[in-house]
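J.: Following the hints, put chain W in place on chain F, whose structure we already have.
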Amino acid sequence: MESALLIHRLHFAFTATFHYLFPQLTMGLALLIVVLKTIALRRNDPAYDEAARFWGRIFGINFVLGVVTGIPMEFQFGTNWSVFSRFAGGVIGQTLAMEGMFAFFLESAFLGLFLYGEKRLSPKAHWLSAVAVFVGSWLSGYFIIATDAFMQHPVGYFTAADGSLQLASFWDFVLNPWAGWQYAHNMSGAAITGAFIMTSVGAFYLLSGKWTAHARIFVKAGVIAGCVFSVLQIFPTGDRQGKMVTDLQPVTLAAMEGLFQGQSGAPLVILGQPNDQQGKIDNPLEVPGMLSVLTYKRWNAHVRGLDAFPKQDWPGNIPLLYYSYHIMVGLGTFFVAVMAIALLLLWRGRLFHARWMLWILMLSAPFPYIANTAGWMTAELGRQPWLVYGLMRTENGFSKVVSAGNGLFTLLGFMGMYMVLGILGLFLLWREIERGPVEEHEPLSNLQPTTTAS
Amino acid sequence: MVTTYVVLDGFDLGAGAIYLIAAKTDEERRRVLRAIGPVWDGNEVWLLAAGGTLYFAFPQLYASSFSGFYLPLMMVLWLLMLRAIGIEFRTHLENPVWRSFFDVVFSVSSILLAVFFGAALGNVVRGVPLDATGYFFEPLWTDFKLGPQVGILDWYTVLVGVMALVTLTAHGSYYVALKTDADLGRRARGFALLCWPVQFFLTVSAMVATYFIRPDIMTNYGDHPIGILVPIVVVSSLAVMLWANPKGKEKLAFVASSLYIAFMLVGAAFALYPVVLPARDHRYDLTIYNTAAGNHGLSVGLVWWTFAAVLALAYFAFVYRMFRGKVQVGEGHY
Numbered sequence: 001m002e003s004a005l006l007i008h009r010l011h012f013a014f015t016a017t018f019h020y021l022f023p024q025l026t027m028g029l030a031l032l033i034v035v036l037k038t039i040a041l042r043r044n045d046p047a048y049d050e051a052a053r054f055w056g057r058i059f060g061i062n063f064v065l066g067v068v069t070g071i072p073m074e075f076q077f078g079t080n081w082s083v084f085s086r087f088a089g090g091v092i093g094q095t096l097a098m099e100g101m102f103a104f105f106l107e108s109a110f111l112g113l114f115l116y117g118e119k120r121l122s123p124k125a126h127w128l129s130a131v132a133v134f135v136g137s138w139l140s141g142y143f144i145i146a147t148d149a150f151m152q153h154p155v156g157y158f159t160a161a162d163g164s165l166q167l168a169s170f171w172d173f174v175l176n177p178w179a180g181w182q183y184a185h186n187m188s189g190a191a192i193t194g195a196f197i198m199t200s201v202g203a204f205y206l207l208s209g210k211w212t213a214h215a216r217i218f219v220k221a222g223v224i225a226g227c228v229f230s231v232l233q234i235f236p237t238g239d240r241q242g243k244m245v246t247d248l249q250p251v252t253l254a255a256m257e258g259l260f261q262g263q264s265g266a267p268l269v270i271l272g273q274p275n276d277q278q279g280k281i282d283n284p285l286e287v288p289g290m291l292s293v294l295t296y297k298r299w300n301a302h303v304r305g306l307d308a309f310p311k312q313d314w315p316g317n318i319p320l321l322y323y324s325y326h327i328m329v330g331l332g333t334f335f336v337a338v339m340a341i342a343l344l345l346l347w348r349g350r351l352f353h354a355r356w357m358l359w360i361l362m363l364s365a366p367f368p369y370i371a372n373t374a375g376w377m378t379a380e381l382g383r384q385p386w387l388v389y390g391l392m393r394t395e396n397g398f399s400k401v402v403s404a405g406n407g408l409f410t411l412l413g414f415m416g417m418y419m420v421l422g423i424l425g426l427f428l429l430w431r432e433i434e435r436g437p438v439e440e441h442e443p444l445s446n447l448q449p450t451t452t453a454s
Numbered sequence: 001m002v003t004t005y006v007v008l009d010g011f012d013l014g015a016g017a018i019y020l021i022a023a024k025t026d027e028e029r030r031r032v033l034r035a036i037g038p039v040w041d042g043n044e045v046w047l048l049a050a051g052g053t054l055y056f057a058f059p060q061l062y063a064s065s066f067s068g069f070y071l072p073l074m075m076v077l078w079l080l081m082l083r084a085i086g087i088e089f090r091t092h093l094e095n096p097v098w099r100s101f102f103d104v105v106f107s108v109s110s111i112l113l114a115v116f117f118g119a120a121l122g123n124v125v126r127g128v129p130l131d132a133t134g135y136f137f138e139p140l141w142t143d144f145k146l147g148p149q150v151g152i153l154d155w156y157t158v159l160v161g162v163m164a165l166v167t168l169t170a171h172g173s174y175y176v177a178l179k180t181d182a183d184l185g186r187r188a189r190g191f192a193l194l195c196w197p198v199q200f201f202l203t204v205s206a207m208v209a210t211y212f213i214r215p216d217i218m219t220n221y222g223d224h225p226i227g228i229l230v231p232i233v234v235v236s237s238l239a240v241m242l243w244a245n246p247k248g249k250e251k252l253a254f255v256a257s258s259l260y261i262a263f264m265l266v267g268a269a270f271a272l273y274p275v276v277l278p279a280r281d282h283r284y285d286l287t288i289y290n291t292a293a294g295n296h297g298l299s300v301g302l303v304w305w306t307f308a309a310v311l312a313l314a315y316f317a318f319v320y321r322m323f324r325g326k327v328q329v330g331e332g333h334y
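Chains as they are written, first to last, in our numbering: chain F, 1 to 454; chain W, 1 to 334.
Since the hints were made in silico from the structure, they are not lab data. Honestly, I wouldn't trust all of these hints.
[Stated by the list, open to error] As a list, the in silico DSSO-like pairs of lysine-lysine whose alpha-carbon atoms are at most 30 angstroms apart:
#, chain 1, residue 1, chain 2, residue 2
1, F, Lys400, W, Lys145
2, W, Lys251, F, Lys119
3, F, Lys124, F, Lys220
4, F, Lys280, F, Lys311
5, F, Lys297, F, Lys243
6, F, Lys243, F, Lys280
[What the hints assert, rightly or not] Now the in silico label distances, taken between C-beta atoms and shown as ranges:
#, chain 1, residue 1, chain 2, residue 2, range
7, F, Gly330, W, Arg321, 44 to 54 angstroms
8, F, Met415, W, Ser100, 56 to 66 angstroms
9, F, Asp162, W, Ser100, 46 to 56 angstroms
10, F, Met415, W, Asn290, 36 to 46 angstroms
11, W, Val104, F, Thr38, 38 to 48 angstroms
12, F, Leu121, W, Ala309, 52 to 62 angstroms
13, W, Thr142, F, Ser3, 37 to 47 angstroms
[To be verified] Some chain F residues near chain W, calculated using beta-carbon distances under 7 angstroms:
#, residue
14, Ser82
15, Ser85
16, Gly89
17, Gly93
18, Leu96
19, Gly100
20, Phe105
21, Ser108
22, Ser399
Predicted model, so just to flag it, every value in this text is computed and none were measured. Using N, Cα and C, we set each Cβ at its ideal position, and we do this for glycine too.
Pulled out of the complex, with its shape left as it was, chain W reads as follows:
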């Protein structure tokens, strides 16, 4: 669920990140918004649905992580609000000042959200200061070191945050390139090209850093050779992006970028399994076993959840089909 959210909302976050620079005129900006307009809200619903699913399946994990990440989560909420009104309210007035204001709101909140989501992933991989009660509370930052008193932001999580920003920027660029043409599409492609070496460099450094701070991350990979698929997919999707983008194969590049994001997340989850929220002190790790809801609830949930997920996929397939193709200005709302 979380992966789906990141892949889907990732491209509209990324589109927001390049928005101010790549789309220069009002007409181009409206084309970017047209490209993400009909789908961004649905994508964000994935976040809500993922939160709800987390709540019903792993109530303890939900309780511990949400209260522990209190401050950054609240800020994520504010950013999500700002971004939503940036997208939706921009077009209501013709006034250029009004529009410029919401352009900046939309773009800045998209960028910050990408960084926050990356930092959140960094926190999960690094581990949080859970204690025997099963709760923790992290301030936003302490001394940026991985000492006993960690904050949300330290050098490692900032690194992952920047990596997430670059990754999602590239992802959004591929999407914009796919959905638009002319100058705007060209600029988006150029942007993605620029992102690639940075993305490559950050991926490698994040992997090395992760190995440094959590050497045990490799245990699962050693025990289950199937795990080798993850780095293979990650590296090959990076290669495909590099190859497909200059050739104008936007769809292929976008798919590769989606795969890259999905497998980076799968890789992290695979390495941590069965731990879902590692503690700095491993005795207090939260695992799928000590956080799950009761058996009856889970088995009932699985039935309706599967049913609902199939229905949801059907709606989305339908909506994306209705809005397929390159977007033009002048049609609809944005």
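In isolation and in its complexed conformation, chain F is listed as follows:
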């Protein structure tokens, strides 16, 4: 049974982590494409239309990968976690079905129009189809977050006679207070991915001296959006999310921060390795009292450590949880710094010639992916040992009828399949980037006379 549990957890973790590489860019780009299309429509500037079309192509490839890796997610609730589904399906089935009914239909119907219908539609109608794709993808995000929020902080349910959870209040469930801040934090994270990728491609073009007119649009839009969302990511969304964890999952907070012993004026660990055998942080670099300030806004407030909780309720993998959280926070700080400097240079009109900064922006592309993944790992590892917080333990939720052998078979199958998908996806994205926003020999729009096609 032990190994079956591990296989089923890895199965979901692997497919979910791989899947979320795509939607974060989809959701981030959907927003930025709407911005580009809006500017194109208002200024009647074809360069912005070309920019939107280019990102539409990237979006399209990314979207396909998001859809094909997303279908298994919905299925796995039943295939690998059937006991959990029977237990909680009466509640979380609502949001998962709503995602399909409200978000997917909207998104997929209008994506076809957006990508292939530009010639058949008026500019306004085409803009509207971009907005519909944006709304669809962001709605989809909300329903998934609401589902996860129920697992983190169950509300709006009652326990039926057969022991299963059933919906008691639709609005309490859908408007779970946990979901609000988690959604804001998550979507801001997706916007950061979109902004960094757009900036990175723009920086790459500027550094290689190609499509520089479009590249300036990309960098400008990316840096402004990146700066806004990097700040929002920390305050208020990250701060409020941390507050919820402090109040509702205090044991998770202690594990995330590596606080083995509760204390007044608790320090914030910046670096150091949790030593879970001896219950301390090795090689700590700490800011004294800071954790108390961040959690309770007082220097000497008492923060409960892991020792305040029974060991069976501790998150199972404390070091991994600790590292995920610290990587997320560290990168989040890095994003603010990079984008603030870039914005300053942009404002002073020096960014497009500051090659060192363009190099940094170009090479930063992978970091938002790492930060978003680490963030989700923090949320989901932090929820352990619970599958539905306080109601069902993870070890009781998986499909007892699916043996470890069968689970491993499909896990390996997914690994192989996703490796192929990943290679194909990267290859095709690279080709789109290499082909650029417009044909190089085509005359560029007359509003961009500085462009040189090399």
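T.: Below, chain W without anything else, positioned relative to chain F:
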């Protein structure tokens, strides 16, 4: 929901099945993909939405059937992925080797999916080895007999699987004929013509076989004479297909084929009702009563579900309208 999915995604699965043979040149293949390109993804969303709806309305059924059909479902997922990238990634490179590769990926996965969906239907009608816990697990196959240890594939489910393949092939052919012209349209029509006698023969044999393994299938038809409508529609839509196709009335043939598929499924559901997943041992049948979610959840769900379904129909009507007419190469992406 499931019926809508089968009718809609059925034609693009079927189009995939005839794709390698009917569409010979790159230009013709691109026309087939253009015909299904703007809509296949939306059609597949019906599958997701149907899965989600099943989850919220009948969580127990969802849990039991998805874990019990673990292996075939995972394979369906892989096939769906392969098919999606076959359609979408094919056109990204001009290279003929790249294109041939994805042509085969697309076509083979479409064919296998059609067979799998048929086999799944066969499993549901035949019954699965549910026990007192309400769970079961079926291996892919055992001895291909309907013994106590059944697998996903046995002679009966394979029969239904082949019937599904032929039915969807015909369905896809009608659609391709409807959406294209010249040689390609003619070949698609010829294909559908070829399918017809096989489809007829398999329909009859599947019905006889079903009666053999589940004689109680007729109870509901005996109790509710309205059920007689089902075989009438099935037989007459078969007749319409035979008549309309050679006359070049592609639209009529396609509608008849859709009706045929819809009523075959309705017929099966009608016969099983109120059972939704029959057990080999009837004491453990899953019915709409012992699998449904709580009352409040269902009644709330009905409100937003209806609202969302109306919205979805509106989008699709709009998108199909935008992409109506015969397709030409050179327009858009495929």
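J.: Can we keep the Leu96/F interface hint, with Cβ of chain W closer than 7 angstroms?
T.: holds, 5 angstroms
J.: Quick check: does the Cβ-Cβ distance between Gly330/F and Arg321/W fall within 44 to 54 angstroms?
T.: holds, 51 angstroms
J.: Does the Cβ pair Val104/W, Thr38/F satisfy 38 to 48 angstroms?
T.: Because 43 angstroms falls inside the window, the suggested range holds.
J.: Hint validation: Gly93/F versus chain W, beta carbon distance must be below 7 angstroms. Holds or violated?
T.: holds, 3 angstroms
J.: Is it true that Thr142/W and Ser3/F lie within 37 to 47 angstroms of each other by Cβ?
T.: violated, 25 angstroms
J.: With a cut-off of 7 angstroms, does the beta carbon of Ser85/F approach a beta carbon of chain W closely enough for the hint to hold?
T.: For Ser85/F, the interface hint holds, since the closest Cβ of chain W sits about 4 angstroms away, which is under 7 angstroms.
J.: Quick one: are Met415/F and Asn290/W within 36 to 46 angstroms, going by C-beta?
T.: holds, 37 angstroms
J.: For the pair we were handed, Lys243/F and Lys280/F, check the Cα-Cα distance against 30 angstroms.
T.: Holds - the C-alpha atoms of Lys280/F and Lys243/F are around 24 angstroms apart, at most 30 angstroms.
J.: Does the hinted range 46 to 56 angstroms hold for Asp162/F and Ser100/W at CB?
T.: holds, 54 angstroms
J.: If you take the shortest Cβ to Cβ gap from Ser82/F to chain W, is it below 7 angstroms?
T.: Holds, about 4 angstroms.
J.: Does the Cβ pair Leu121/F, Ala309/W satisfy 52 to 62 angstroms?
T.: violated, 25 angstroms
J.: Does Lys124/F pair with Lys220/F here, judged by a C-alpha cut-off of 30 angstroms?
T.: Satisfied, since the Cα-Cα distance of roughly 24 angstroms is no more than 30 angstroms.
Hint compliance for this structure: hints 8, 12 and 13 are broken, all remaining hints hold.
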